[in-house]
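Could you slot chain G onto chain D? The hints should help.
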Amino acid sequence: MTSMTPSDRPDSEEDGPEPGPHSRAAERPRYGSSAWPVGPNPLAGPGGAPTGPPSQPGPGPTPLNLATPMWFGPPTSPAATSPPAPPIPPGATSPPIPPGASSPGPTPPSYGSPHGGPSQPTPLYGMWKPIDIPETFPKADPNRPFVPGAPGAPVTPDLDDVPRRTSKRSILANLSGTILVSLYLAFRFEIDGNRPNRAGQTLVPHWVVFAAVLPVATVLFGIAYLRWRNFTFRVNQHRIVIDRGVLTRHHQVIPFDRVQQVDINRKLTALVLGLSEVRIDTAGSGNETSVKLRFLAPQDADALRSFILYHRDLRRAHAQAAGTGTATNAATGGSAYPGAPVSPTSPTHLPLPPERTLVTLSPRQLIVGALTHNTMVSLIPLGILVAVWTGSFMAIASRRPANSGAWVAGGLITFVLLLFIVAQTLIGTVIRHWGFALSHQGDDLHLRFGLTDQRHLTVPRRRIQHVEVIDNPLRRIFGLVDLHLHSAASTNGAGEGKASTKFEIPVLRRADLAIVLPLLLGDPHWHIPDLTPRPPAARGRAIRRRVLALVVAVSLPAITFRPAGLALFLLALAGIPWGLAAHRRAGSAVTPSVAVLGHGVLHHRIVIVPRPKIQSARTTSSPFQRTAGLQTVHLDVARSLVAPHLFDVDTAMADTLRHQVMTVPSRRAAPMPAGPAAATT
Amino acid sequence: MQTAAPSYTILDGSVRQLDRRARIDFMADSATFLAVVTVVAIVAALIAKAPTAAAFAAFVGLVLSGISVLMAGLRWSRFTWQAGPESLDLHHGVITRRSSSVPYHRIQQIDLRQRPVQRMLGLSTLILRTAAASTDAELPGVATADADALRQEFLHRAGLDDLDDAV
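The listed protein sequences correspond, in order, to chains D and G. Going by our numbering, the first sequence opens with residue 1, and the numbers climb by one from there. Going by our numbering, the second sequence opens with residue 1, and the numbers climb by one from there.
The set of hints was computed from the structure by calculation and includes no laboratory data. Virtual Cβ for every residue (Gly too), placed ideally from N, Cα, C. There are no misleading hints in this set.
Quick look at which bits of chain G chain D covers, simulated, 3 or more residues with Cβ under 8 angstroms:
1. 91 to 98
2. 101 to 115
3. 123 to 136
Label-pair ranges, simulated between beta-carbon atoms:
4. R249(D) - I67(G): 54 to 62 angstroms
5. F33(G) - V422(D): 46 to 54 angstroms
6. A35(G) - I528(D): 49 to 57 angstroms
7. A549(D) - V37(G): 28 to 36 angstroms
8. Q152(G) - R244(D): 37 to 45 angstroms
9. P116(G) - G245(D): 36 to 44 angstroms
10. A581(D) - T52(G): 55 to 63 angstroms
11. F33(G) - G177(D): 41 to 49 angstroms
12. S622(D) - V37(G): 26 to 34 angstroms
13. A437(D) - Q17(G): 52 to 60 angstroms
14. V37(G) - R229(D): 54 to 62 angstroms
15. P623(D) - P116(G): 30 to 38 angstroms
16. A35(G) - S622(D): 26 to 34 angstroms
For reference, chain D alone in the conformation it holds in the complex (with noise of 0.2 angstroms):
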């Protein structure tokens, strides 16, 4: 089998203005686009009724067995059954298919769009299979045909589940720090060591640097090709097959059912290396529920997040034609897809919705996000605490009272700071979502982002554990929010930070909640709900405890510097506004879907809680708590390090949301709603 070099395939990262078909939309492997077997006949549709599988004799529809499924027999001839193929449209633009590339099987057919769109006679797996396995590979088969049967046939599982390596070029990736490590390393010697001493004696001579190095690159080099030479993956509909080790071998499995999220990854190294990075997150907590194959080219990563998401939703479609009965996949929610077939007769191809933008953010939107950030508010107060602490240090380490030099010295000192956190800020955040992009696909939330580091993040939309919607005085002015998404994937998953399982839509129009938050929590007519206030007693007590906390934090500058100082315990007072408007902001609502937990005055959050999330509930008061008759009320979702909470709510109302929202009335997520939604910030 003749592989396809990099160049011969349709580039989606090539961002040019070409058009037609080689759009960057059209030629990104996507559910909607042409390259999956979206039906069984480009002429029939979207509503096409597919033929029965072709191993099935009889006219008709073929009520599905789970027991023995379609998909799970022995694949069927292709030769024997397969309908003639269809004709390619003549408008299509073919992207170049090198004679033999799919040899020795039928030459590849093209697969309509479910919408009618022009068929595009893209290999199925073409895309990402013959890259970097050559025919010599021990367990491949040479002389099985690398293409997805006839039409209209099943697409069987043994058809592809060949081990596969990554790309070759993820040894150079994978070394990329130690070369660099060690090219600076050999650089230094070379210079220092061959500078001569007093004596005129050089003090590591040449030969001596590349007798160090030599062997020890030539060991890293080893064992980084023998790391990729021993990782391998096979795919089937079904499920991923990883066998990865050198000395201690490790296999895993991860069934598609248990697909948490799908992501993409392409860090710097990556990104100059042409490379991307898949990552397969399954809810949990260790290093074995999550699987990255570094690296693949990307569009064999495009290609594999699709066929995965594709499958995953195929094998839950099936499940649910089977009758909820047999429970295994019905258990897993609603349809994903609003037209998905849910008949006993459900076919082999699932419909595939179209992929949706709902967000998309420009340059200038992210650096206003940035300057309105969270951190640049907290920054005004923090700031002068921290000159004021840094002043009575100061005073207190030279014995003397607050002299100009001091306070000159914490002033800067805080300047400083400030000036490091905001360029920080600001930099990293309009780096990090750089070119940011949500769009939703059916069930699935697509999060594309990053400049130096590009992140495909796929969330689907039930794994969403809960939302929260922030702002601050500074976003409440130009009506911005921003919104964090938890999921349940695995805490080294695929995050924003190492320990977060939390995606960010930086910067939001509040305007837009409107249309996006309906859309993550799956029902149309969503809205944020009055939130009930707390009771009058717990005004008193959001009073009191900002009182003494800032009593606290002036306490040290006060002393220091009485008597004048002592007028700083004025600021105190500043508690009774905030106590106020503490109270004015908290509060919380419950309606049959959600639980809404809402509290802050700077950084006012809003935690929706879907209530299928809600993993058990629990209340807590503390002795204070008690005497005004108020409790914490913690909602536990899953992967959360701290539980949605709110404090002083009242004992009637506690217990209520305890209770209530223990009785979830359905556990099956709606499916996405299918309005025509398009927001763009």
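Using the frame of chain D, we list chain G on its own:
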């Protein structure tokens, strides 16, 4: 829930307390550390030939142990639990009071644990785990004789065959 009639009498929905022997376990739990510290302090004081200090340490140790024993008793008496039709409810805590509701269908895993003192007393700790790490559902003193039956019953109520995709 398919369980029309609870098959195990402890789970009949009434408010229950922990096994009485758990008090001893709680006391041992809180007093052990204090006792060790006190003994070390006394020995150190005796070595340093400061009998007054030793007496003082002994006195403080005794008082603190008395308080901790009292707290352990309170901790036991404040701990109530109730296996309702849908969820397990716990109420406990001496200074900070905690109430917690764990619906059976959220149970992912049930642990049984025995500390040495518990083994001597014939007690077990039953821990219900959900997908959320912050869930608080621990029965820190049920008779070992009952523990397995309890575990079975909770598993049954959890309907773990139907819990394929709770996350």
